[in-house]
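Combine both chains into one complex, guided by the hints.
Which chain is which? The protein sequence lines are A and B, in order.
Reading the first sequence from the start, the letters are residues 1 to 294 in our numbering.
Reading the second sequence from the start, the letters are residues 1 to 281 in our numbering.
Hints in this document: simulated from the structure, not taken from any laboratory.
Yeah, the Cβ is synthetic: ideal placement off N, Cα and C, and Gly gets one too.
Some clues are possibly wrong.
Derived Cβ-Cβ restraints for the label pairs, each shown as a range [to be verified]: (1) L137/B x G241/A: 43 to 49 angstroms; (2) I144/A x D142/B: 31 to 37 angstroms; (3) G241/A x V28/B: 25 to 31 angstroms.
On the chain A side, residues computed to face chain B include the following (Cβ under 10 angstroms) [to be verified]: (4) Q139; (5) L141; (6) A252.
Reference listing, derived: stretches of chain B covered by chain A, where coverage requires no fewer than 3 residues with Cβ under 8 angstroms from a Cβ of chain A [as the list claims (entries may be wrong)]: (7) 36-48; (8) 90-101; (9) 152-163; (10) 168-177; (11) 208-219; (12) 225-237; (13) 257-271.
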Amino acid sequence: MSRFRSRVVVPYLLMAPALVLLSVFVYVPVIENLRYSLYRWSSLSPTWDFVGFDNYAALLADPLFWRALGNNATYAAVSLIVQVCGGLVLAATLEAGVLRGRLSSFFRISFFIPSILPITVIGLLWTLLYQPSIGLVAQILEAIGVPSLAHAWLGEEATALYAVILVSQWQWTGYIAVLFIVAIRAIPVELYEAASLDGAGKIRQFFAITIPCVREMTLVMASITVFGAVKVFDIIWVMTGGGPNGSSEVLATLMYRSAFRNDVVGYASTIAVVMFCLSLVFGLIQIRLQREQS
Amino acid sequence: MTLVSPTFRRSRSSSAPIVALLLWGLTVFSLYPLIWLVLNSFKTSNEMFDQSWTLPTVWHFENYVTAWNYGLGHYVVNSLFVTSVSVVAIALIGALNAFVLTTMNFPGRRIVYGFLLGGMIMPPEVCLFPLFKILDLFGFYDTYLAMILPYVAFGLPFATFLLRAHMTTIPRELYEAAVVDGGGVLRIFWSIYLPMSRPALAAVGLIMMMRTWNEFIFALTFIESDGLRTLTIGISTFGDALRVDWTVLMAGLIISIVPVFVTFLMLQRQFMGGLTQGAVK
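So that you can see chain B by itself, here it is in the shape it has in the complex (with noise of 0.2 angstroms):
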């Protein structure tokens, strides 16, 4: 899959300066939002509520330093932590099932496969009440499990999908040559096949940290305490405690994008082709 356009489709014609007008248009609207945001970040109250289009007549970097202290760094570990921890295993565990569904044939395959992709049509947002309940239950509720155990198993059914959908491509030539060695399955699976997907590994660990990163639902609902919550979350709680000092908020918006956001920049490639492997939103 490229993403570079063939060639031929590169011929310009009398029209390219009206769509390249619109198109103008729609990157104004998509991004000047943000850019709004940047700048009146820097600056004073007073200042945005006098003229919020311009660029600060002086800026205040110090709107970022009141943000971060008002314990925004600590959701920042947090989301770290839930987001780092819920991406590796559902990784692992997901290439694991795709390793198993690609190599071995045993009684009730389909089956499983029709269990485990049937997952990714379940929305998280139906569960939310029992889920609540099961949590409760095992003691979970209100710790770290609570968000990580939900995600790893949402991301599961996804993940599956798209490495086995990688790993049906790998010659079985290799597989047989490897029983015949003596390799134990673990092995076979750690030395060859989780090396060899690591194109569909980005894929999934990059789609799975956006969207472990951004996730709200769970995260408002499974978390009491504020010194578990994680950034999304304690965003909005201290948009509550700042609605009269509107630009330190938006230094904490600002902060709290730049994560995702330089991640994203660094890795828009692989992360636009991952996604159309297995179209999710």
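Isolated chain A (complex conformation) (with noise of 0.2 angstroms):
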């Protein structure tokens, strides 16, 4: 009997906290997701209808859908260009050895940065900078003598996503390059100084070894960057709403809007269901690549 206490009950009690944590605000919230969407239903109703599929097919046939599912994309789409890839060169450039040490670190940290910033303040301080009457960007297009190419950048339907999309990149590509850096120390000097033996560049050296060595650091950086992409509300939500006129909008704010503007909650469960299935396979992938790594 105390065998079976101290085997069994013991590890579990301990536990205990965590597994009921996780269990009531984690998973239960996901299975819950499922059962709401098979239903016609509002959170001022009383009456819940089971309508099967039909959100499902109801979510297929709608074009602002597939316009989020689109922004998604393109979200995922400029971060994976610019975040991985463009992390992963300024990691490599801040790594050369051209740069002294200190230089190198005062740079690491400048780019690292905005990733630390809470989001309303990004949100408020890059709207600022977007404003066309005061704004920097607009200043800056004044100053270089084109003040006809500024714009309401994120009121116009043509450049709303992509301004919000670019103040992303400015947040994460320094965070992303702090990443790819620890995984650059962990090559062997040995190999850049042989390959500067035998005469191979900078360059050279880059593409022979540097990113052969990170190749498992760059998918897992893929992943997650496409995970967080799947799942992108705050920067959005606090810039443009989704808006003007759907032209921004998310997988992630056209179900918040669902559930708590609109009270069609069963559609918003459909989204989540959705997108609930996306990150699961670029999670999955993620942690599968982070175990072969560690």
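Rendered as structure tokens:
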């Protein structure tokens, strides 16, 4: 009996807080979403109509859903190119040894700083920067003699999404670069020494040594970035709210609006399920890669 | 894991000036928005409209006093409270999980570990509405607990993962010796494993601090009373109220980033080191 106690009861008792918290606040909500998505209901009405997969059919027929999904994809594509590819190049440049150590760490910290700021501060700051009357962007355009290029970047359908995406790149590229820096430092110096004795330049070394050696880190970063792009919400919500006219809508803003503004909860849950499935795929890839790495 | 470059790579080449120039350009892009914010936060609105590029002619420190008096202080207190309670809970419970998972062999261990780790790939955004219903059911909606409990639940997987990775490096003989000495499980945890995990705890603490301090969607959705709002949400209410008084708004934005900023600059090495052990965003 006492053996059973120490082998089974004690571990579970010690982990009970975590198991309960995760069940109630993480896993139950995920499962509840699946159930909610099969009903037509609102938080105000007491009736729940079981509608089977009608919400899913409605979602697939909703042009706004496809537009949002497309915007998520655009966000993911730009982030992959700028944050992952750009971040890798940036990291390799900082680590290439062409700069003095202190300068290189100054750059590293400077590039990292945007990622520690609260999203609402970033949102308000860039809303000010994009302002057509006082904003820095408009003033720069005026200073270089092309004031006619100034736009209400966040207020026009053609530019709103890209204006927000740019802010995200500003915020996260340095962060990704720092993660790459650590991966690069794990590469044995002898590889670079041998290459440079053979007469390979820095660029050649980047392609021949750095890229193959940080391959796994690159894949982890790519899956984190795509995972982030599937669930992106806050930066869009604070800067455009998904507008104007749905032009910067993403899945999460569409879901939020459906649940808390339009009170079509079943429909909102359907969007949540779609987001969940997409992030499950990229999340599992990420966990697998991280396990292999460690 | 060292954060100091090996000396070998520090060989300078002829391309250095060009590389440095490009990097300086990027630094300007990275930091200028913040510098612009700081400079303008000391101006009058009129001055900012006329010339938002230049240094202020007169430094209007009173913008900061005005911003603070709008009630920012209250949001700061809320953020401090919610963040510190959540971070301590995440670190302690996470360490306990990690301890159990590394030292004990019990039926279902792999499943439990998978269950805890799986939380890392559950996006909080997806759980939003059901979570809102659950919190409402328990009567937690619009209380501090409506933020703290979900923060802890969503923070635990990462904390467990990182701390477990660290604890597996603690020699098992220590545990066995302590058991032979008749130390209780909790005692071993408290007096051996917890102190020995200090570096990993610091990393978890820092990352969770940033994450919780900046958290947006739960704080936006589960809190209704202005008196309970955290800084991240409070600042946007503040923004709405001050749409005309731009420079005071800017002073408020600066105030709201100072705590994170100072912590980061003081502890940036530990912070960057910790991030890499479990890449998260």
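31 to 37 angstroms as the expected CB spacing between D142/B and I144/A, which holds or is violated: At 50 angstroms between Cβs, range violated.
Three or more residues of the region 225-237 of chain B near chain A by CB distance under 8 angstroms? holds (count 5)
Verify the coverage statement for the region 152-163 of chain B against chain A, using a C-beta to C-beta distance below 8 angstroms and requiring 3 or more qualifying residues. holds (count 6)
Establish whether the coverage given for the region 257-271 of chain B by chain A is satisfied; the threshold is a Cβ-Cβ distance below 8 angstroms, and no fewer than three residues must meet it. holds (count 6)
Next item in the hint list is L141/A. Is there a CB on chain B closer than 10 angstroms to its CB? violated (13 angstroms)
Return the status of the interface hint for Q139/A: holds when the least beta-carbon distance to chain B is below 10 angstroms, violated otherwise. Given a least distance of 6 angstroms, the restraint on Q139/A holds.
Examine the region 168-177 of chain B: at least three residues should have C-beta closer than 8 angstroms to a C-beta of chain A. violated (count 0)
Outcome, coverage hint (the region 36-48 of chain B, chain A; C-beta under 8 angstroms; three residues): This one holds; 3 residues, not fewer than the three required, reach chain A with a Cβ under 8 angstroms.
Can you let me know if the beta-carbon spacing of L137/B and G241/A is within 43 to 49 angstroms? violated (29 angstroms)
Taking 25 to 31 angstroms as the stated bounds, is the beta-carbon spacing between G241/A and V28/B within them? This hint holds: roughly 30 angstroms between Cβ atoms.
Counting residues of the region 208-219 of chain B that have a beta-carbon nearer than 8 angstroms to any beta-carbon of chain A, does the count reach 3? As far as the region 208-219 of chain B goes, the hint holds, because 5 residues have Cβ atoms under 8 angstroms from chain A.
Interface restraint verdict for A252/A against chain B (beta-carbon cut-off 10 angstroms): This interface hint holds because 5 angstroms falls under the 10 angstroms limit.
In the structure shown, a violation is registered for the earlier hints numbered 1, 2, 5 and 10, in ascending order.
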